[in-house]
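A.B. asks: Quick mapping for you: the protein sequence lines, in order, are chains C and P. Quick note on numbering: the first sequence equals residues 0 to 642 in numbering that gives the first Met the number 0. Quick note on numbering: the second sequence equals residues 0 to 219 in numbering that gives the first Met the number 0.
Since the hints were made in silico from the structure, they are not lab data. Any given hint could turn out to be false.
Have a look at the derived ranges for each label pair, beta carbon to beta carbon [said to hold, decoys possible]:
(1) P:Q66 with C:T502: 36 to 42 Å
(2) C:L283 with P:Q66: 51 to 57 Å
(3) C:A85 with P:Q66: 28 to 34 Å
(4) P:P117 with C:F216: 32 to 38 Å
(5) P:S185 with C:M18: 55 to 61 Å
(6) P:Q66 with C:K499: 45 to 51 Å
(7) C:E507 with P:K11: 56 to 62 Å
(8) C:F216 with P:P87: 45 to 51 Å
(9) C:A27 with P:K11: 26 to 32 Å
(10) C:N79 with P:P87: 37 to 43 Å
Within a straight-line C-alpha distance of at most 27 Å, the following computed BS3-like cross-link-like pairs (lysine-lysine) qualify [unchecked claim]:
(11) C:K369 with P:K153
(12) C:K552 with P:K61
(13) C:K225 with P:K32
(14) C:K633 with C:K568
(15) P:K61 with C:K529
(16) P:K153 with C:K25
(17) C:K372 with P:K171
Using N, Cα and C, we set each Cβ at its ideal position, and we do this for glycine too.
Now for the letters of each chain:
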Amino acid sequence: MIIFYSRYTPETVEKVTGMKQDVFLKIAETYATTAAPDKSGTLLYAMGLTQSTKGVQNIRAFSIVQLLLGNMGLPGGGINAMRGEANVQGSTDAGLLYGNLPGYLPAPHTKLHPNLKTYLEKITVINSYLENAPKFAVSMLKAWWGDKAQPDNDFCFDYLPKHSRPHSYMDMFDDMYAGKMQGLMIWGMNPLVSGPNYNKMSKSFDQLDWLLAVDLFESETHGFWKRPGCNPQDVKTEVFLLPAASMVEKDGSATNTSRWLQMRYKSVEPIGDCKEDSVIMYLLVDELKKLYANDSAPVFPDPIVNLTWEYGGEHHDAEEVFKEMNGWNVSNKTQVSGFGQLKDDGSTTSGCWLYSGMYPPAGNLAKRRKPDKKGIGLNLEWGWAWPMNRRILYNRASCDLDGKPFSDKKYLIHWDVVAKKWVGADVPDFIANRAPTDPLGTAPFIMVPHGLGRLFAPSGMIVDGPLPEHYEPMESPVHNFMGSVQNNPLAVTYTTELDKWATVGDTEFPYIGTTYRVAEHYQSGNITRKVLTTVEAAPEAFLEIDPELAKEKGIKNGELVEVSSARGKLQVKAFVTPRLQPFDINGKKCHVVGMPWNYGFLGEDPQGDGKKVQIANMLTPQAGDPNARIPEYKAFMVNVRRV
Amino acid sequence: MARLAYLFDSSKCMGCHGCQVSCKKWNEEKTVKTHFAGSFQNPPTLSKDTRMIMRFYENFEKDTIPQLNILKYQCFHCGEPACVKVCPSGALTKTSTGIIAMDQRKCIACGYCHNACPYNIPEIGEHVNKCDMCFSRTESGNDNDKTSTPACVKACPAGAMEFGDRDALIAKANSRVEWMKGRGISTANVYGDKILGGLGVISILKAEPTYGTSHYTGRA
Numbered sequence: 000m001i002i003f004y005s006r007y008t009p010e011t012v013e014k015v016t017g018m019k020q021d022v023f024l025k026i027a028e029t030y031a032t033t034a035a036p037d038k039s040g041t042l043l044y045a046m047g048l049t050q051s052t053k054g055v056q057n058i059r060a061f062s063i064v065q066l067l068l069g070n071m072g073l074p075g076g077g078i079n080a081m082r083g084e085a086n087v088q089g090s091t092d093a094g095l096l097y098g099n100l101p102g103y104l105p106a107p108h109t110k111l112h113p114n115l116k117t118y119l120e121k122i123t124v125i126n127s128y129l130e131n132a133p134k135f136a137v138s139m140l141k142a143w144w145g146d147k148a149q150p151d152n153d154f155c156f157d158y159l160p161k162h163s164r165p166h167s168y169m170d171m172f173d174d175m176y177a178g179k180m181q182g183l184m185i186w187g188m189n190p191l192v193s194g195p196n197y198n199k200m201s202k203s204f205d206q207l208d209w210l211l212a213v214d215l216f217e218s219e220t221h222g223f224w225k226r227p228g229c230n231p232q233d234v235k236t237e238v239f240l241l242p243a244a245s246m247v248e249k250d251g252s253a254t255n256t257s258r259w260l261q262m263r264y265k266s267v268e269p270i271g272d273c274k275e276d277s278v279i280m281y282l283l284v285d286e287l288k289k290l291y292a293n294d295s296a297p298v299f300p301d302p303i304v305n306l307t308w309e310y311g312g313e314h315h316d317a318e319e320v321f322k323e324m325n326g327w328n329v330s331n332k333t334q335v336s337g338f339g340q341l342k343d344d345g346s347t348t349s350g351c352w353l354y355s356g357m358y359p360p361a362g363n364l365a366k367r368r369k370p371d372k373k374g375i376g377l378n379l380e381w382g383w384a385w386p387m388n389r390r391i392l393y394n395r396a397s398c399d400l401d402g403k404p405f406s407d408k409k410y411l412i413h414w415d416v417v418a419k420k421w422v423g424a425d426v427p428d429f430i431a432n433r434a435p436t437d438p439l440g441t442a443p444f445i446m447v448p449h450g451l452g453r454l455f456a457p458s459g460m461i462v463d464g465p466l467p468e469h470y471e472p473m474e475s476p477v478h479n480f481m482g483s484v485q486n487n488p489l490a491v492t493y494t495t496e497l498d499k500w501a502t503v504g505d506t507e508f509p510y511i512g513t514t515y516r517v518a519e520h521y522q523s524g525n526i527t528r529k530v531l532t533t534v535e536a537a538p539e540a541f542l543e544i545d546p547e548l549a550k551e552k553g554i555k556n557g558e559l560v561e562v563s564s565a566r567g568k569l570q571v572k573a574f575v576t577p578r579l580q581p582f583d584i585n586g587k588k589c590h591v592v593g594m595p596w597n598y599g600f601l602g603e604d605p606q607g608d609g610k611k612v613q614i615a616n617m618l619t620p621q622a623g624d625p626n627a628r629i630p631e632y633k634a635f636m637v638n639v640r641r642v
Numbered sequence: 000m001a002r003l004a005y006l007f008d009s010s011k012c013m014g015c016h017g018c019q020v021s022c023k024k025w026n027e028e029k030t031v032k033t034h035f036a037g038s039f040q041n042p043p044t045l046s047k048d049t050r051m052i053m054r055f056y057e058n059f060e061k062d063t064i065p066q067l068n069i070l071k072y073q074c075f076h077c078g079e080p081a082c083v084k085v086c087p088s089g090a091l092t093k094t095s096t097g098i099i100a101m102d103q104r105k106c107i108a109c110g111y112c113h114n115a116c117p118y119n120i121p122e123i124g125e126h127v128n129k130c131d132m133c134f135s136r137t138e139s140g141n142d143n144d145k146t147s148t149p150a151c152v153k154a155c156p157a158g159a160m161e162f163g164d165r166d167a168l169i170a171k172a173n174s175r176v177e178w179m180k181g182r183g184i185s186t187a188n189v190y191g192d193k194i195l196g197g198l199g200v201i202s203i204l205k206a207e208p209t210y211g212t213s214h215y216t217g218r219a
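Only chain C is shown next, with the shape it has when bound in the complex (with noise of 0.2 Å):
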């Protein structure tokens, strides 16, 4: 790793991204003295990072940063992920993403999980936590199917739908693109304004033959037939809209990007024909339920027929569900106290192992409201955390070899000397009896074989290299300079003839382009650019372009371009601003333009008539990152003009 390493001077820092030296290393040294084993030193991150081609062999560069000045398992320490949205973490924590099933365990493949035996050896991690798995795994499925998963029949592995290949957000719109997609359900999403390459986007909806949306307002997505340019007449897609109730008019929790699991009550029923997405949920398995029971030919019935479907009627509580996912004794129905407890002969449910331990026979936990002032404010009885409550992951690295915290002011667990076992101010999160002398007792990552930091990630857990190397976006201005190879070769790209690139330093399209978001609309702007004193405060999308670059191509603050990438153009009003400022790549001066992406064209906002498009994902490519399959969102090239 150090020769490897040794290659990416501060030199070479300013040559690829424009960093002068001695600010970087004002960065570098400031940072660096975390390492002290009494500070620490947390690094945040949100789009900017992963949104990238190499989006993964970003945050990886950030751990080994981490592991290498000891930033892990400390208050103030480790890798936290700024979450656009109150409950990102709660819906990958319950397996939202086509991979996972909840509480990550990897969704079934078709080759390489063709029995449960099978998946449960594959899914097993040994010298890890993770040697329980199929407890986990077992459990889930005894939640599902109830009594019909049986050891003679899988536990109904098979009941479970398998993947051959990648179902992921660009995936599923590149199938839908080539006419592989009859229908789509959408809840609250708007991805004809959230996802890259619009033109290609808004075709794929074309080919849909039914499109059912269940959200607050029309959007974008489900109004794509009154996009400019389109004839609805020309549009054969039927499209339902269910309208759903709003966060203030449903109960449930939120889980934050520290997993802390926090309940959230109704405030206000909801209004008209207005539901809860669980109770559209419920309503349309029930009904699903029926249809399958009374066909008399139906094809592979049993998933859905026999699926539990007991939380109490339309009007179920959120309680109930939670008390699915926590899981029970079989025997008596008794609720488990923890995953410690599931077993793997169907003796056990558990919806989500990771949130076991959440409803235990005391009740939900993630409804306690007690402030913790003290120390360093752990707050261990506020809503809950998992796994078990512990606030600091991996805190035994908090400690040294021999098991005595590394600072008294971070005191987080230590080695009971006497009682032989871990105690602390903290839930410790690790092997609650083993001694720092036991085997694996000096190793604190125990989600990993071995239990030891990975500066190195062998092969099969991440698809692309073992240690992160720089690649140019896969569009640039630049070769780049660390090597022959331009791009990451793993890149996810499509091959429709909507998806267009520019070349290496293309003078087409010469200036670099980025999106983001304004403060003042939520995520695709379905909300806020309904509401008339957010769209007041932030009424339009416009074009940040630096003052130099506006007087060399004459442009005034507030005009209109037309800004345009290989993929399409959009006229939007400029913004002359000197918070952008040019920059020398390796000797070349790039330019680069920003567009906030809240933007669409149904709202109240100026452009809401549906006659512009103001959709800054016009000009974005579908492109990804191999592991994740995140778009490349935040850097590619395009041309601005004055119109």
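With the hints as your guide, set chain P onto chain C.
C.D. replies: Leaving out everything else, chain P in the frame of chain C:
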């Protein structure tokens, strides 16, 4: 009674417009049809339907980091309020806590207050409109749930605003400015503690008050 004031800390403000939105909602003001015209400042000016805006000032000097300065712009609740002196109808009054309050029913829309105000703040439609420190909240709200603080202050997610005893807030502002100077912001200063009989809005500025005249990117 002790004099009340706002404290606005421009070094903490992130320019999200949350205060503006809350101000309109609480005071049930109409929204204005705005357009993007080269600044984050929107609505661009105070008006008969807008009693408070955030003003945006941008600057960049070579080899420094770009500056975005933001000022909370509204009635400053002067200690010696010219508007109250010239008001012929008794619509504008100064309360014992220093609030320049208004009774819109008494207003005859003569506009003297607008002209007399050193900032030309009060706006005249059918009647006068300007910040009244959320009089209804400060008079009868509850301290426990902060319904006694003005709507803008309660809405601020950045901790850039406080409301309460003016002397205490001036002391707080002074120590904050000292801290900022210690961090290298040599031009940091407190605005409003002394002028015009002392303002009811104490602002912590990163640059001299005259800065705005040369770097204002909003529209007049």
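A.B. asks: Now tell me, hint by hint, if it's right for this structure.
C.D. replies: Verification of the hints:
no.	hint	in the structure
1	P:Q66 with C:T502: 36 to 42 Å	holds, 37 Å
2	C:L283 with P:Q66: 51 to 57 Å	holds, 53 Å
3	C:A85 with P:Q66: 28 to 34 Å	holds, 32 Å
4	P:P117 with C:F216: 32 to 38 Å	violated, 45 Å
5	P:S185 with C:M18: 55 to 61 Å	violated, 26 Å
6	P:Q66 with C:K499: 45 to 51 Å	violated, 39 Å
7	C:E507 with P:K11: 56 to 62 Å	violated, 44 Å
8	C:F216 with P:P87: 45 to 51 Å	holds, 48 Å
9	C:A27 with P:K11: 26 to 32 Å	holds, 28 Å
10	C:N79 with P:P87: 37 to 43 Å	violated, 60 Å
11	C:K369 with P:K153	holds, 23 Å
12	C:K552 with P:K61	holds, 21 Å
13	C:K225 with P:K32	holds, 24 Å
14	C:K633 with C:K568	holds, 17 Å
15	P:K61 with C:K529	violated, 41 Å
16	P:K153 with C:K25	violated, 38 Å
17	C:K372 with P:K171	holds, 23 Å
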